[in-house]
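Each number in the numbering used here corresponds to the 1-based position in the sequence shown with 3 added.
Just so you know, these hints were derived from the structure itself, not from any lab.
There's no promise every hint is true.
[Stated by the list, open to error] Straight-line distance between alpha carbons at most 25 Å, and here's what the computed PhoX-like set of lysine-lysine pairs gives:
| # | residue 1 | residue 2 |
| --- | --- | --- |
| 1 | LYS47 | LYS73 |
| 2 | LYS176 | LYS138 |
| 3 | LYS77 | LYS176 |
[Stated by the list, open to error] Ranges of calculated distance between the beta carbons of each label pair, as one might list FRET restraints:
| # | residue 1 | residue 2 | range |
| --- | --- | --- | --- |
| 4 | GLU139 | ALA5 | 32 to 42 Å |
| 5 | PRO127 | LEU102 | 14 to 24 Å |
| 6 | GLU136 | ARG76 | 32 to 42 Å |
Predicted, not measured: the structure shown is a model, and the values here were computed from it.
Here a beta-carbon is modelled for each residue, glycine too, at the ideal position from N, C-alpha and C.
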Amino acid sequence: MAINKVVESAEQAISGIDDGATLMVSGFGPPGQPEAVLEAVLAKGVTDLTIINNNAGAGGVAISRLFAAKRVRKVVCSFPKAIGSTIFDELYLAGEIELELVPQGTLAERIRAAGAGITGFFTPTGYGTELAEGKEVRVIDGVPSVFERPLFADFALVRGHRGDRYGNLVFRKTGRNFGPIMAAAAEVTIAEVGGVLPQLDPEVIATPGIYVDRVVVGADTGADTLPATGTEA
Numbered sequence: 004m005a006i007n008k009v010v011e012s013a014e015q016a017i018s019g020i021d022d023g024a025t026l027m028v029s030g031f032g033p034p035g036q037p038e039a040v041l042e043a044v045l046a047k048g049v050t051d052l053t054i055i056n057n058n059a060g061a062g063g064v065a066i067s068r069l070f071a072a073k074r075v076r077k078v079v080c081s082f083p084k085a086i087g088s089t090i091f092d093e094l095y096l097a098g099e100i101e102l103e104l105v106p107q108g109t110l111a112e113r114i115r116a117a118g119a120g121i122t123g124f125f126t127p128t129g130y131g132t133e134l135a136e137g138k139e140v141r142v143i144d145g146v147p148s149v150f151e152r153p154l155f156a157d158f159a160l161v162r163g164h165r166g167d168r169y170g171n172l173v174f175r176k177t178g179r180n181f182g183p184i185m186a187a188a189a190e191v192t193i194a195e196v197g198g199v200l201p202q203l204d205p206e207v208i209a210t211p212g213i214y215v216d217r218v219v220v221g222a223d224t225g226a227d228t229l230p231a232t233g234t235e236a
């Protein structure tokens, strides 16, 4: 049977996302956020979610609405205080949402470690601050370093520029950001793309299809600037 990971709708793509799920959501501000998939999560009504995202959903309409609807229990992010994130600020100050603050490079490496099967790593980032409280500290080559554990998720929701039926993905400029490492760090990866091509140029594939479980077409975010084989499906 031919492999075809493309599903017909965002609602079908999010099958299995239930209350209490941990979701990784790609995006660096608006670029790279899978808005159609997030809208489907919002419409499904699931709650008690843990969101792993670079900057508390700032700039994303759908993810901000998840916060406003009080569907999110905890956020793991680098920049909770970002332009346009007033909804999150209000919830946090009211004690209605939990925050785990992680420096950006450490956040990326914890996600990458999960995908690579690394059980933890030491970094000097955060040493001597509140972020290191309760964590193991070692001095390595004279540098005090903090032990950080990998970050896993039940589902990764990522946005690609183009995909194919095998789940291979290419990204467009800053839309790439956290997508590739998140795709490798979750039990199920759902990729929203601007279009599906019959075949992608292997030289420009950033995320191999082995990491992607479902592909759904969302709004197109721009003209093709990357070489690909075939025409739009």
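Quick rundown of the hints versus the structure:
Pair hint LYS47 plus LYS73 holds up; C-alpha atoms about 14 Å apart against a cutoff of 25 Å. Pair hint LYS176 plus LYS138 does not hold up; C-alpha atoms about 36 Å apart against a cutoff of 25 Å. Between LYS77 and LYS176 the CA atoms are separated by roughly 29 Å; this puts the pair beyond 25 Å, and the hint is violated. As the Cβ distance of GLU139 to ALA5 is approximately 49 Å, the hint placing it in 32 to 42 Å is violated.
Between PRO127 and LEU102 the beta carbon distance is about 23 Å. The supplied range of 14 to 24 Å therefore holds. The hinted window of 32 to 42 Å between GLU136 and ARG76 is violated, with their beta carbons roughly 21 Å apart.
Checked against the numbered hints given earlier, the structure breaks hints 2, 3, 4, 6 and satisfies all the rest.
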